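First to last, the sequence lines map onto chains A and B. With our numbering, the residue at position 29 of the first sequence is 29, and numbering never jumps. With our numbering, the residue at position 1 of the second sequence is 1, and numbering never jumps.
Honestly, the hints are just simulated from the structure, not real lab data. Just so it is clear, the structure is predicted and the values come from calculations on it, not from any experiment. Don't take each hint at face value.
What the hints assert, rightly or not - Below, simulated BS3-like cross-link-like pairs (lysine-lysine); rule was C-alpha separation at most 30 angstroms, straight line: (1) B:K187 - B:K145; (2) A:K91 - B:K187; (3) B:K128 - B:K90; (4) A:K91 - B:K92; (5) B:K188 - B:K175; (6) B:K233 - A:K91; (7) B:K109 - B:K145; (8) B:K175 - B:K146; (9) B:K92 - B:K137.
Residue-level listing of the chains:
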Amino acid sequence: MSELKTAKPHDAPLTGESEPHAHAVNLNSYIRLCAVVFVVVLCTTAAMIATSFAHIGAGNDWTLKVALILSIAVVNAFLVAGYLMHLLSEKKLVYTVLIFTVFFFIGLVGLTMWAMHDFPPGTASH
Amino acid sequence: MEIPYTINARPDTGLYNAKLGIWLFLASEVMLFGGLFSAYILLRVSQPPGGWPHGWLDVRLGTVNTLLLALSAITTLLAWAACKVREFGKFKFFHACTILLALTFLGIKSYEYHDKWIHYEIQLTNGKIADGHLLEKSADFDLAKKTGTVTLHGREVENHSELMDLRSPEAQSAKLDEMTIAAADIKKMENYGPRHNTFTAIYFTLTGLHALHIFGGTLVIFYLWGPGSKLYKTDPERFTNRIEVSGLFWHFVDLVWIFLFPVLYLT
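With the rest of the complex left out, here is chain A (with noise of 0.2 angstroms):
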């Protein structure tokens, strides 16, 4: 991190390992990649949906058929991120992105929900 603040982008050569060398393609194996993983994401929208009609738990419970649904949905999520977005092989620079914003994120949502009860004295809770 600390090369890319000093570094001068103008003053250095053109040179560095070429995109095109770290995607290796073949269109025809990308079709069928891509073929692959439209069925996949086919059976896991049917998965969600059928989740979501399903008498699920005591008294047809949201909160378990939420859980299930998005972890149905996280699956499709994590295809189209490390296939489509080929996130399942990149360069170091762009986990690292990642981590800080996963991290973030986390605190983003976290820090919302913990806060959720958190009333001033004297005012009604809801």
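Given chain A, work out where chain B should sit, using these hints.
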């Protein structure tokens, strides 16, 4: 002046500059949508039992839009792969597909918005509630002056809670009729727009922001498909990198929808 690192990766980052730039931008986008998702969670968890609507959105339309976006993510990737192997004709085809799929998505979203806009909840002076889609307003309809009539296609319920769960057996079996209501019988009339309740507010905010991203992404993809594709003739590798960067944005927009669909339509 030549702009450095538009094709080759910088030795210190291992990425060409635009790619690092788009990942940083996407990180900021995660925080933007993260804030709104946090708001959604907060609003939903704070609701009293039975206070959060279920079944207000058409799952069929949401599913079609999910598949359209998934397909468009695939055509975007294939457009990039076609550029990589220097098959410009296939690039044009795949990106044209992406544009058409994106426009179809926006068309369906517009239809859903319109459906909510003409859907009214009318509190009547007798204490009941009329709920349904507006068919007609008489020419002299004026709620303030209490003149004229409105015609809805919907149903009448005793209290508001009956409207909250449209997946309940009672709501599913309810018979929808055409109703003509005089303005004099109306206490309050409001459509299912953003100010209707907490759910519609967060629904329009989340999907509206997402639709803006789709619109912006479509404009960029259209530019790269049309006038921007001239660059392919002079500098194909740089053009391919532009396609990759725009594709990353498009995949992110798809990722957001992957969570919006279950959160808003299925739960």
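These are the hints, each one checked on the structure:
Note on K187 (chain B) and K145 (chain B): the hinted pairing holds, with a Cα-Cα distance of about 12 angstroms set against a maximum of 30 angstroms. Between K91 (chain A) and K187 (chain B) the CA atoms are separated by roughly 62 angstroms; this puts the pair beyond 30 angstroms, and the hint is violated. Between K128 (chain B) and K90 (chain B), the direct Cα distance comes to roughly 59 angstroms. Violation of the 30 angstroms bound is thereby established for this hinted pair. Taken as a hint, the K91 (chain A) and K92 (chain B) pair is honoured in the structure, with Cα atoms around 29 angstroms apart against an allowance of 30 angstroms.
This hinted pair checks out: K188 (chain B) and K175 (chain B) have alpha carbons roughly 23 angstroms apart, not beyond 30 angstroms. For the suggested pair K233 (chain B) and K91 (chain A), the alpha carbons sit about 29 angstroms apart, so the restraint of at most 30 angstroms is met. Pair hint K109 (chain B) plus K145 (chain B) does not hold up; C-alpha atoms about 35 angstroms apart against a cutoff of 30 angstroms. A distance of roughly 28 angstroms separates the Cα atoms of K175 (chain B) and K146 (chain B); the hinted pair therefore holds under the 30 angstroms criterion.
Between K92 (chain B) and K137 (chain B), the direct Cα distance comes to roughly 47 angstroms. Violation of the 30 angstroms bound is thereby established for this hinted pair.
In terms of the numbered hints stated before, the structure departs from hints 2, 3, 7, 9, listed from lowest to highest.
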